[in-house]
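Novice: Going down the list, the sequences are from chains A and B.
Using the working numbering, you'd call the opening residue of the first sequence number 3 and step up by one each time.
Using the working numbering, you'd call the opening residue of the second sequence number 11 and step up by one each time.
Check each hint, because a few of them may be wrong.
As the list claims (entries may be wrong) - Incomplete in silico selection of chain A near chain B, CB under 8 Å: (1) Arg10; (2) Pro12; (3) Ala15; (4) Lys45; (5) Tyr46; (6) Ala106; (7) Pro338; (8) Glu339.
As the list claims (entries may be wrong) - With a cut-off of at most 27 Å between alpha-carbon atoms, the simulated DSSO-like pairs for lysine-lysine come out as follows: (9) B:Lys286 to B:Lys347; (10) A:Lys325 to B:Lys342; (11) B:Lys347 to A:Lys334; (12) B:Lys168 to A:Lys125; (13) B:Lys342 to A:Lys334; (14) B:Lys347 to A:Lys325; (15) A:Lys324 to A:Lys334.
Since the hints were derived computationally from the structure, they do not count as laboratory data.
No residue lacks a Cβ here, since even glycine has one placed at the ideal position from N, Cα and C.
Listed below, chain by chain, are the residues.
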Amino acid sequence: MRYQDEYRNPQAARQFERAIRRITSRPWTIMEVCGGQTHTIVKYGIAELLPPEIELIHGPGCPVCVTPLELIDKALAIAARPEVIFCSFGDMLRVPGTRGDLFAVRAAGGDVRVVYSPLDCLKFARQYPDRTVVFFAVGFETTAPANAMAVWQARRDDLRNFAVLVSHVLVPPAMSAILDSPDNRVQAFLGAGHVCMVMGCEEYRRLADRYQVPIVVTGFEPLDLLEGIYLSIRMLEEGRVGVENQYARVVQAEGNPACQRLIAEVFETGDRNWRGIGNIAGSGYRLTEAYRAFDAERRFPIDLQTREAAACISGDILRGMKKPRQCPEFAKACTPETPLGAPMVSSEGACAAYYNFGRHRQASPATVQIEVGHHA
Amino acid sequence: MPEAIAGSPTCPVPQFSYEQVVLGHGSGGRLTHNLIERLFLPAFANATLERLEDQAIVRLDGHAIDSGVGRIAFTTDAFVVRPLFFPGGDIGRLAVHGTVNDLAVGGAIPQFISAAFILEEGLAIDDLRRIVESMRIACRESGVQLVTGDTKVVERGKADQVFITTSGIGSVPAGRSLSIANARPGDRVIVSGTIGDHGIAIMSVREGLEFDTVLESDTASLVDLVRVMLDACAAIRCLRDPTRGGVAGTLNELAAASDVAVRLDETSLPIRPAVKAACELLGLDPLHVANEGKLVAVVPPEDAQRLLAVMRQHPQGREAAIIGTIEREPRKLVTMKSWIGGERVVAMLSGEMLPRIC
Chain A
3 MRYQDEYRNP QAARQFERAI RRITSRPWTI MEVCGGQTHT IVKYGIAELL PPEIELIHGP
63 GCPVCVTPLE LIDKALAIAA RPEVIFCSFG DMLRVPGTRG DLFAVRAAGG DVRVVYSPLD
123 CLKFARQYPD RTVVFFAVGF ETTAPANAMA VWQARRDDLR NFAVLVSHVL VPPAMSAILD
183 SPDNRVQAFL GAGHVCMVMG CEEYRRLADR YQVPIVVTGF EPLDLLEGIY LSIRMLEEGR
243 VGVENQYARV VQAEGNPACQ RLIAEVFETG DRNWRGIGNI AGSGYRLTEA YRAFDAERRF
303 PIDLQTREAA ACISGDILRG MKKPRQCPEF AKACTPETPL GAPMVSSEGA CAAYYNFGRH
363 RQASPATVQI EVGHHA
Chain B
11 MPEAIAGSPT CPVPQFSYEQ VVLGHGSGGR LTHNLIERLF LPAFANATLE RLEDQAIVRL
71 DGHAIDSGVG RIAFTTDAFV VRPLFFPGGD IGRLAVHGTV NDLAVGGAIP QFISAAFILE
131 EGLAIDDLRR IVESMRIACR ESGVQLVTGD TKVVERGKAD QVFITTSGIG SVPAGRSLSI
191 ANARPGDRVI VSGTIGDHGI AIMSVREGLE FDTVLESDTA SLVDLVRVML DACAAIRCLR
251 DPTRGGVAGT LNELAAASDV AVRLDETSLP IRPAVKAACE LLGLDPLHVA NEGKLVAVVP
311 PEDAQRLLAV MRQHPQGREA AIIGTIEREP RKLVTMKSWI GGERVVAMLS GEMLPRIC
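Please put together the full structure from these sequences, using the hints given.
Specialist: See below:
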């Protein structure tokens, strides 16, 4: 299949594997920013193809994982209202709030629907004029254009029974926050290819200059990741900083100007809480004044007390300080059916990725003991 | 409080036990298993049920336990598919095939089935007629008679057009003993054809996805394929039809029941390009997607190639492939060597199949 099988070619993977071993002379720590990349790394067992000197740290790029608890709780409260049709991308339905998740709201009678495109919500809004259709606008810069388009069309068509609960986060401020952290260990980044497809590479050049760090804009197929890792190591070994673009088949340096204009029309940047990390200045989108009538938080003012699971160390996980299996609750109290924190929910979350695809690396739940090195 | 989280009393999100039924309880994945293990099994505890096979093999009174005669396979299955008519089949075909296949993979010769219809007020009689006609054809193809039934009608809105429950019985020839607890290290795992066709066909109709080719459900009777396979190879350890929960669900059950590891090779999985593309688009794993006319067989290594050749001669097994081996460790886990040579765990589906965000 075009654009799939070519990027999973085992012979090409071997070549990258050998090339990486050839150029690696000492330990390096590389962070892949995006959850989609974490998913591929764990799903295809990429880490074990790398020499022991190379450590991959899974970054905070899973939108499901970093959506703050108070917004999840707001979503649950809004979705439970009888006049509301609450629409969301599928992953969000299982994220635990302080009490329950969207599946539980649905089971209790709430009208919660999974959509593939935010524009589907506008269809519902036209179809049910006496209900309010609320879309949970979650994601990084990648999903922002489509979400912005839904709001833009709603305003154009005067669809007053449509609103969005906005929880948009931005990658570059999160990378800055990681690099500013006193215990930062990241030496190079694999940039999130699809975010750059929308926003371009300029912001990353500034980051690379400011922090003197290599950034390789990287795609999502196994060979993309291997090549991105190879290019990062080459820059590290050669002592170079800057931005290289592994994902040139999709990413252009200037990004997608039409998407950027639409985003700028509908959203403005503002401070945002990240689950497990805390507040990062200028790290999120909120609706601009012209579109604020579509803000679900304004339409449904809700006063909430939120409480995070005490056992969850998602902050350490999302900042790359700890690996999921270093959490005492991993695969014990915390599993995809009983997530204590968001990284265990989405298949892009580091904990879920480790649970689903990487459990054979250590003792799994129950009492199964696995011989270390069995798969070497 | 569920035992698994009793050790962490600080946890404020015990999502472990939903207070109400959620859709994931019907996904065939881990939530379904939780329901079975914590509610149904304790309530009806008996040795037959506890085997958790696709069918119960029972003996009616009057036959000695070890006599080898008079063994009956018995199974039941409910069908709630939406839409009722989909490319490659409809709820009627599915209802017959689902039940006869569950009997066949137990090594039984299906003979009689029953059908109970729950009809929603307002259903077009013409639709019901089409469903019944396709059940008639499916019964004939499978060599079974529909010998008893029931009809109930509920008010509009209390059901979704038609729900059908079928039960079936078949005779189990003497000496036959297929079980998910039979797998042994060294055995080979064979799948009878492309995986994920049914689930993706249904999902693409529901979600309005269009591909260059029409994705068709694989719903089909496995009765004849199973007969041919068992005639050719009496040493088959286990047969299962990987419906809800997909091949991953079936193999995880097998790994647990046989206390073995299953090791798959991703490059050997037969998957249609359109199904693969749809799974990529929707963020699904084809191993989790439902099949309705496929089986998974576990066979001793020395018989694998011969059985594979026999299967490929059969219309239902043309694309059969050896997809993995049974190993000793890591026990109770299914792992897979990926396209590029890495290794990962193939987990059971945990809740409802959820499309990923991006």
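Novice: A separate judgement is required for each hint: does it hold in the structure or not?
Specialist: Results for each hint:
Among the interface hints, the one on arginine 10 of chain A holds; its C-beta lies about 4 Å from the nearest C-beta in chain B, closer than the 8 Å criterion. Because the beta carbon of proline 12 of chain A sits about 6 Å from the nearest beta carbon in chain B, less than 8 Å, this interface hint is met. Nearest Cβ of chain B to the Cβ of alanine 15 of chain A: about 4 Å, under the 8 Å cut. The hint holds. At about 6 Å, the closest approach between the beta carbon of lysine 45 of chain A and any beta carbon in chain B falls short of 8 Å, and the interface hint on this residue holds.
Interface hint at tyrosine 46 of chain A: satisfied, since its Cβ lies 4 Å from the closest Cβ of chain B, which is below the 8 Å cut-off. Here the hint on alanine 106 of chain A is kept, as its CB sits about 6 Å from the closest CB of chain B, short of 8 Å. Against a cut-off of 8 Å between C-beta atoms, the interface hint on proline 338 of chain A holds, since the closest Cβ of chain B lies about 4 Å away. Because the closest C-beta pair between glutamate 339 of chain A and chain B is about 5 Å apart, less than 8 Å, the hint holds.
With a C-alpha separation of about 18 Å, the suggested pairing of lysine 286 of chain B with lysine 347 of chain B holds against the 27 Å cut-off. A hinted pair counts as satisfied when its Cα atoms are at most 27 Å apart, and lysine 325 of chain A with lysine 342 of chain B qualifies at roughly 24 Å. With a C-alpha separation of about 25 Å, the suggested pair lysine 347 of chain B and lysine 334 of chain A falls inside the 27 Å cut-off, and the hint holds. Of the pairs offered as hints, the one joining lysine 168 of chain B and lysine 125 of chain A holds, with about 25 Å between alpha carbons and a cut-off of 27 Å not exceeded.
Between lysine 342 of chain B and lysine 334 of chain A, the direct Cα distance comes to roughly 16 Å. Compliance with the 27 Å bound is thereby established for this hinted pair. Only pairs whose Cα atoms come within 27 Å are accepted, and lysine 347 of chain B paired with lysine 325 of chain A is accepted, the gap being roughly 23 Å. For the hint linking lysine 324 of chain A to lysine 334 of chain A, the alpha-carbon distance of about 17 Å falls within 27 Å, and the restraint holds.
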